[in-house]
Structure formats: C-alpha cells, structure tokens
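Note that the protein sequences, when read in sequence, are chains F and H. Numbered per this note's numbering, the first sequence spans residues 6 to 347. Numbered per this note's numbering, the second sequence spans residues 6 to 347.
Simulated from the structure, these hints should not be mistaken for lab results. Incorrect hints may have been included.
Identical copies look the same in the list; a pair holds intra-copy or inter-copy alike.
Stated by the list, open to error - Quick list of in silico lysine-lysine cross-link-like pairs, DSSO-like style, CA-CA up to 30 Å:
#	residue 1	residue 2
1	170	43
2	308	344
3	170	229
4	96	166
5	96	170
6	229	305
7	166	45
8	170	305
9	337	10
10	316	96
11	166	229
12	305	16
Number of protein chains: 2
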Amino acid sequence: MSMLKNDLFLKALRGETVERPPVWMMRQAGRYLPDFMKLKEKYDFFTRCRTPELATEITVMPIDQIGPDAAILFSDILVIPQAMGIEVEMKNGVGPWLPNPVRSIEAVGQVTVPDIDESLGYVLDAIKMTKQALNDEVPLIGFAGSPWTILCYAVEGQGSKSFDKAKGFCFSEPQAAHQLLQKITDTTIAYLKAKVKAGVNAVQIFDSWGGMLSPVDYQEFSWKYIQQIIDALKDLSPVIVFGKGCWFALQEMSQSGAAALGVDWTCSARNARYLTGGNIPLQGNFDPSRLLSPIPEIQKQVKIMIDSFGKDRYIANLGHGILPNIPVDHAKAFVEAVKNYH
Amino acid sequence: MSMLKNDLFLKALRGETVERPPVWMMRQAGRYLPDFMKLKEKYDFFTRCRTPELATEITVMPIDQIGPDAAILFSDILVIPQAMGIEVEMKNGVGPWLPNPVRSIEAVGQVTVPDIDESLGYVLDAIKMTKQALNDEVPLIGFAGSPWTILCYAVEGQGSKSFDKAKGFCFSEPQAAHQLLQKITDTTIAYLKAKVKAGVNAVQIFDSWGGMLSPVDYQEFSWKYIQQIIDALKDLSPVIVFGKGCWFALQEMSQSGAAALGVDWTCSARNARYLTGGNIPLQGNFDPSRLLSPIPEIQKQVKIMIDSFGKDRYIANLGHGILPNIPVDHAKAFVEAVKNYH
Chain F
6 MSMLKNDLFL
16 KALRGETVER
26 PPVWMMRQAG
36 RYLPDFMKLK
46 EKYDFFTRCR
56 TPELATEITV
66 MPIDQIGPDA
76 AILFSDILVI
86 PQAMGIEVEM
96 KNGVGPWLPN
106 PVRSIEAVGQ
116 VTVPDIDESL
126 GYVLDAIKMT
136 KQALNDEVPL
146 IGFAGSPWTI
156 LCYAVEGQGS
166 KSFDKAKGFC
176 FSEPQAAHQL
186 LQKITDTTIA
196 YLKAKVKAGV
206 NAVQIFDSWG
216 GMLSPVDYQE
226 FSWKYIQQII
236 DALKDLSPVI
246 VFGKGCWFAL
256 QEMSQSGAAA
266 LGVDWTCSAR
276 NARYLTGGNI
286 PLQGNFDPSR
296 LLSPIPEIQK
306 QVKIMIDSFG
316 KDRYIANLGH
326 GILPNIPVDH
336 AKAFVEAVKN
346 YH
Chain H
6 MSMLKNDLFL
16 KALRGETVER
26 PPVWMMRQAG
36 RYLPDFMKLK
46 EKYDFFTRCR
56 TPELATEITV
66 MPIDQIGPDA
76 AILFSDILVI
86 PQAMGIEVEM
96 KNGVGPWLPN
106 PVRSIEAVGQ
116 VTVPDIDESL
126 GYVLDAIKMT
136 KQALNDEVPL
146 IGFAGSPWTI
156 LCYAVEGQGS
166 KSFDKAKGFC
176 FSEPQAAHQL
186 LQKITDTTIA
196 YLKAKVKAGV
206 NAVQIFDSWG
216 GMLSPVDYQE
226 FSWKYIQQII
236 DALKDLSPVI
246 VFGKGCWFAL
256 QEMSQSGAAA
266 LGVDWTCSAR
276 NARYLTGGNI
286 PLQGNFDPSR
296 LLSPIPEIQK
306 QVKIMIDSFG
316 KDRYIANLGH
326 GILPNIPVDH
336 AKAFVEAVKN
346 YH
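Hey, can you work out the whole structure from these sequences and the hints?
Here it is as structure tokens:
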C-alpha cells in the first residue's frame, strides 16, 4: 500500500489532530467546471460514467483546478439500479428517467442482484485508472446511494419534490418495498466492497431523500439498510454517511460504526455536535447557494463554520452538491478559505 | 359576535383543556375531493379564487364531506404577489408560473404595496359569504404565505426543489431582497388585518420554503418578517405559524407571540414539545403520504400521534397539504380517528 502525500482527509476521518480541516465538495467534479461542460457536450452521461478514461479525467479535474484534499470518483448513484436490470436514462431538462418504474411485488421479483464485476466492472476499472492518475496526491472516495434513495428513483421513475409515489408504495405495499430495499442493499454491499478492493480510500453513502421520511419511517425504510452496509464495510474502509435532512437520525447514526457523518446546512454545527455526542467526525455543511455570495463573505462564513465545528474531527464540505451556476473562482475561494484557516 | 357551535379549535389555540384535540387538514379543500375536481374542470384556478360563490362552495365542501373542526378559506398564497403587480399564472402540469420574475433592484422598485380592498376585495367578499354559509358551525381560518416563501416564487418564477435562484438573489443582492421582503410584509399585514375584519377566526402563515435556509439565513430572510406579521396581528387574532422544515427555529418561534406552531412529520412530537418549551399549542404532523396506508394503520398511527403530542395544546393536522391521490375514505378515516380519540 502506497503512502498518500496528502492524508489530511484520512487523518480527520480517524479523529486525529490536524493543523487545519481537510476540504472537498460534493459534486466537485461537476457542471460548474467549464472543462467538464466541454466533455458533457461531446459524451452523454452514461458514456462518461462507463469510459474509465473519461471518468478518470473528470475525477482528477477539480483536484488540479480547485485543489481539494480528496477526490471523489465521477459516477452516479443510478448505476446501481441500472445494473439491477432497471432501465435508467438521463433526459435533458428532466434528469434521471426510469421508463419502467418498479411499482408492484411482481416488478420487484424481476429486479436482480447482479454480479458486480460483470455489470459494474467499468467502475472498478475507472477506480484503478484514477488511482494511477492521482499518483497518491490525495485519497479517492467511492460512493453509493442509500437503498432508500435508490428505491425513491426506482419507484417514482424520476426526480421529485416529495417522492410521493415512492412513499405511497412503501406505505401501501411494505412487504414489496422491503424486498426491493434488501436487493438494493445486497447489491450495494457487494459494489462497495469491490470498490474498496479496487482502491478507494473511503466510501460515502448518500441518503439524499432520507429527509422525506418521518423519524419512525426512516428507521424502517432507510436506516436499517444503511446499518447493514456499515456493518459489512466498516472493517474494510471508513464509511461516511450523509443523510440530507436527516438531523433527526444523527444520534443513532453516531453509534452505528460510521467513520463520519455528513450534515446539511439546516442543522447548525452546534446542534450536529450535540446530537452526535461530540466525538464522531462531521462533514459539511456550507449552503451550496451561499457560494453565490461575494468572495469576502464566503471567506468570512467559512471561518465561522470551522470555528463552530472545531478544526478537529471535522471535514469541511458543502451541505449538498455544488450548483451548476457557481463561478469557479467562488468554488476555489471556498476551498482556499479552508486551507488558509488558522 | 356570534357563538360558534364547535369551538374546539379556538379552545385548543387558547390552550384550554379539551375532551379531544380538534382536527383539520391543510389543503382539505383540494384535489382529493371528486366534487372539487368537477369544479376544477369548469373554472380555472384564479376564477375559483376570485369568485366568492365558488370559493365559498369549495371552502365548505370538506366540512360537509369530511367533518373537520375548522374551515380554511379556499384561496392561494400567490394572490399576494399578483396584487403587488407581479404576473402569476397557473400552468397545467407546471403549477405556479411567473413570466416576469423579480431579479433586480429595479424590478423590486416596480413592485407595489397595493390597496387591499381594491386588489383583494374578492377575498374579503369570499370570507363574508363563507361565514354565512358556515352558519357558525366551525371557525374559519384565513392564511397567507410568509414573505420569504412569496419571495421564492417571485424570484424563482416557478416552483423548485431548492429555490436556488431565489436564494442566489438574496445572497448576491441582499439589499434588493430585503426591500422586496419588506414590501411583501407590509402587504401581508394589511391583507391579514382585512381578513380578520372580514370575519376569519384565526390566521395561519405558511412558510413553505423556510426549511431551504440555514438557521442564520432563516433569521435574516424569513423569521424577522414573520415576527413583524405576528406583532401586527396577535392582538386581533390568533396567529398560527407553520414553517415546513423549520424545526431549527421552533424555539424562537415559541417566544414570538404566535398562538400555535405547525410542525411537519420530520420533527417528532417529543422534539417539537422539547424545542418549544412544552406550553405553546402545536399543530401537525401526520405525513400526508401516510394517508395511503390501509385505514387500520391510519387509525393506529393517529392514536400514537395524539398520545405523543398530548391531547391538550394540540391541533391534529397533517404535516403538509393533503395529496391529490389520497382516497376520500382515508382522509375521512384520519379525521374520524381524531374525533374518536379517548
């Protein structure tokens, strides 16, 4: 195993004392980067995901141009349902589009738990190629959606403000929902294990839509499957769990074996530290829209954010993915403000 | 002033001891009712709002068919920006559509604070007609959007998952945003005062998009304007504030002079009582999607909900508006489960 030149991110994940917190940004390899937009014009979404050379180029791009302390593999959470035999398209102006949503026990029966090497080997190839390209400069993060969040898309068939069809399916056909969630969980565990074996230094689970559920329903339809993933992975790799809008579950999450927890901007550092007991590393929580503020304001607010979380057991990040309309110099100002923290 | 035959809702708002909690449902006069859908086919959205006979018929419909303990005037929060000179359409399949969104200090300058009788007299007429039709059976609630929520639509120009344009406007042009928010606040205060004078028994402020903001930004861009409204109204009428996703502001809200606070389903009764200090009446918080559960499950969960909040200083409601795809007998089962509570 080679030594990383910048291991600040892994140190923070282990709770070690650091000179300044590490920083990266969710969706840092994304649409706010002009060079990414050029690739987007030439190659469609899944071509970018499936071509290791392109995934590598996109993953490394923000490391060179913005300078965060960790890379996150360019991919998408929807490669999982796709590998499970559920058709997934990316429609211009619509986003994810699943023409045959899973809305019955029969449809759940047809969903497969695939062989990872066969169906998702292109992700593993991209990891190996990216590790070489990164040349041990910074660690590489792999990720997956939470089973609940994947179910949301599989049942709803597209993005949604409130995923009412997905929730309605769970509440009217809970048995079918649990079967689907277990299949997604089994696939995700095998997928993340393969990613770790291929070389990622940490994994993050995105529960983007966990905050749509009540605390009781969150336990039943989301958390217990995430816990299975943590249990299966935690001895192989640090696991970060980010549940958007899931402040109500932070206490339980802090006792799960996760290495760190993501926090969105609606939960203050103080509340997040209080709810998680003060010891587990936290990651977040700059409002992505706040990157539209003038740069001096961004610098001021980054300082306040780090002071509030404390410099240790903390990974500076946004509270959700970076937005397409953020000026590159604002993104860079965010990362540099963390690097200049003292 | 006439006596209401059923004043359970007003008693709960005053914190008095009741035999069982009152119940109503946000959007109870809405698209899950087949008779509403028939009117919707015949009359477009703003015709329904602007014709007192139609607004009255729609407002009274759920009282007759579902049996809640309070009526809420059929109208829309977007009648306010419309009255302020901002064009508002309802587009099929899109929802609210504002063809000329307010995105500059110049555009804010052109927004007017209108005379209420002149621009919104039709709402006041609808209140008077509805009060007659209700014949003092149950109280009538009037409502308005929070200034922040109205700004969201005025700037974004349509509904959105995250109102990034609206937030970006506030963060890049805070002075213009505050001018717009103050104009909306002044209009809303005059509007709600006129509604109380016309006969509503309580008013509710819907801060539907407050939960998009960080706690600090919530204070600056939403709460301080809601506080102005409460200060201006509280001696004339009970004021209920419902901020969706605003659990982080509940403590401050509880000290604001509001008569009651709405709670969504992501904040448990226990957390809500803790955060608000235990004395202020709370309203909520059944997950609207949970009305898709089988009726025995709805009955069970309503019992748990009331037990958790406690029967006093509590108004049973959903945690957000009822969904169009809820079967009428499920909505009725929800209301009856509250009525049968013991």
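Notebook entry, point to check: Under a CA distance limit of 30 Å, which applies to residue 170 and residue 43: within one copy, between copies, both, or neither?
Noted result: between (36 Å within a copy, 24 Å between copies)
Notebook entry, point to check: At most 30 Å between C-alpha atoms: does residue 337 with residue 10 qualify within a copy, between copies, both, or neither?
Noted result: Close inside one copy (21 Å), not across copies (64 Å); limit 30 Å.
Item checked: Intra- versus inter-subunit Cα pairing at 30 Å for residue 166 with residue 229 -> Both, since 24 Å and 27 Å are each at most 30 Å.
Next item on the list: Using 30 Å as the alpha carbon limit, work out where residue 96 and residue 170 are close: within a copy, between copies, both or neither.
Entry: Both ways: residue 96 and residue 170 sit 20 Å apart in one copy and 22 Å across, limit 30 Å.
Item checked: Alpha-carbon proximity between residue 170 and residue 229, which holds within one copy, between copies, both or neither at 30 Å -> This pair counts as within: shortest intra-copy Cα distance 21 Å, inter-copy 36 Å.
Next item on the list: Please work out whether the CA atoms of residue 166 and residue 45 approach to 30 Å or closer within one copy, between two copies, in both situations, or in neither?
Entry: both (26 Å within a copy, 23 Å between copies)
Item checked: Homo-oligomer pair classification [residue 96, residue 316; C-alpha up to 30 Å] -> neither (41 Å within a copy, 49 Å between copies)
Check: Between residue 170 and residue 305, at a C-alpha cutoff of 30 Å, which is it: within one copy, between copies, both, or neither?
Finding: between (42 Å within a copy, 22 Å between copies)
Notebook entry, point to check: How would you classify residue 308 and residue 344 at a CA-CA limit of 30 Å: within, between, both, or neither?
Noted result: within (11 Å within a copy, 52 Å between copies)
Item checked: Homo-oligomer pair classification [residue 166, residue 96; C-alpha up to 30 Å] -> Close inside one copy (17 Å) and across copies (17 Å); limit 30 Å.
Next item on the list: Measure nothing new, just compare the shortest in-copy and cross-copy C-alpha distances for residue 229 and residue 305 to 30 Å and report within, between, both or neither.
Entry: between (39 Å within a copy, 23 Å between copies)
Notebook entry, point to check: Taking 30 Å as the upper bound on the Cα-Cα distance, should residue 305 and residue 16 be classified as within, between, both, or neither?
Noted result: The answer is within: 25 Å in one copy meets 30 Å, while 48 Å across copies does not.
Checked against the numbered hints given earlier, this structure breaks only hint 10.
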